Amino acid sequence: MVSKARKAAAQASFQQGKGKNYIYNGDTSLCQRATSVANIGNGDSGYHVQDRWKIAEQGSVGGEVTMSRATEVPDGFQYSMKFDCTTAESAVAADETWWFEQRLEGQDLYAWKKGTSDAVSVTVSFWVNATKTGTNIVSLYDANNTRHISKSYTVNSSNTWEYKTITFAGDTTGIFNRDNGTSLSPIFWLAAGSNYTSGTLATSWASFTAANAAVGQINNLDSTSNNFHITGIQLELGTVATEFQNETYGENFLRCARY
4 MVSKARKAAA
14 QASFQQGKGK
24 NYIYNGDTSL
34 CQRATSVANI
44 GNGDSGYHVQ
54 DRWKIAEQGS
64 VGGEVTMSRA
74 TEVPDGFQYS
84 MKFDCTTAES
94 AVAADETWWF
104 EQRLEGQDLY
114 AWKKGTSDAV
124 SVTVSFWVNA
134 TKTGTNIVSL
144 YDANNTRHIS
154 KSYTVNSSNT
164 WEYKTITFAG
174 DTTGIFNRDN
184 GTSLSPIFWL
194 AAGSNYTSGT
204 LATSWASFTA
214 ANAAVGQINN
224 LDSTSNNFHI
234 TGIQLELGTV
244 ATEFQNETYG
254 ENFLRCARY
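Each residue of the sequence shown is one higher than the one before, counting from 4 in the numbering used here.
No lab work stands behind these hints: they were computed from the structure.
Just so you know, these numbers come straight off a predicted model, no measurement behind them.
Where a beta carbon is used, it is the ideal one built from N, C-alpha and C, also for glycine.
Careful, some of the hints might be misleading.
[As the list claims (entries may be wrong)] Across the chosen pairs, the derived CB separations fall in these ranges: (1) T206 - T251: 33 to 39 Å; (2) S228 - Q110: 28 to 34 Å; (3) T175 - V243: 31 to 37 Å.
[What the hints assert, rightly or not] Capping the alpha-carbon separation at 25 Å, the derived lysine-lysine pairs in PhoX-like fashion look like this: (4) K154 - K57; (5) K57 - K167; (6) K57 - K23; (7) K154 - K116; (8) K116 - K23.
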């Protein structure tokens, strides 16, 4: 029998080579549609700029942003994904949400061992630069079993690049489907109404409860002075964030072109 310590060590170092990053276009460089789209707001959920990165809105969100590929970056990167608030929404209504996400196929996630006693922890890491300081939420949403887990991170200094890492425990309940449908969505929140913030943050895997999804989330759309940049986004197996996996343009293109 494998000891708990040995299992933990294996999780911490699992899949550290080529192909460790489950996120597509994590360096935010590939933009086959456009490199900048203005007035993304009420009713504009969908794919606009960076390949594989989807904007998702719920409710009648009045705030609007320009989404673009920006050259403001931390050392070692060429581009960042930028959200520039161009129409502010000072008060987010109860039913409103604004986030960006990716949608991952279940057939690619078998190594997570989800729904078994050996379910593997995963770690998200990224660089963020935001005008507004405070708490933001990252969630993993299991579409096959309607389950979620959320963790918070803090932007400490305005308009400053900061490196963040967040580890999510493995989920021993609910396996992913083995097909090309959406099984998992990593979600990065930018604003959320009270329907999604009035409970207790779901820091452990649980059946989806909206009120527990984004507790503590600040409103990044409350001023036209607000910018939000992110790059170097990585999702990997284990409890330790490793160096970002750079891909060539061709590798990045081929992965995204499938969609």
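Here is what the structure says about each hint:
1. Distance hint check for T206 and T251: the Cβ-Cβ separation is about 37 Å, which falls inside the suggested range of 33 to 39 Å.
2. At roughly 43 Å, the beta carbons of S228 and Q110 sit outside the given window of 28 to 34 Å.
3. Hint check: T175 to V243, Cβ distance near 21 Å, so the stated range 31 to 37 Å is violated.
4. Note on K154 and K57: the hinted pairing holds, with a Cα-Cα distance of about 20 Å set against a maximum of 25 Å.
5. Between K57 and K167 the alpha-carbon distance is near 21 Å, which keeps this suggested pair within the 25 Å criterion.
6. Proximity of K57 to K23 is assessed by CA-CA distance (about 22 Å); at most 25 Å being required, the pair is judged to hold.
7. The straight-line distance between the Cα atoms of K154 and K116 is roughly 21 Å, inside the 25 Å bound, and the hint therefore holds.
8. Taking the CA atoms of K116 and K23, the gap is near 15 Å; set against the 25 Å cutoff, the hint holds.
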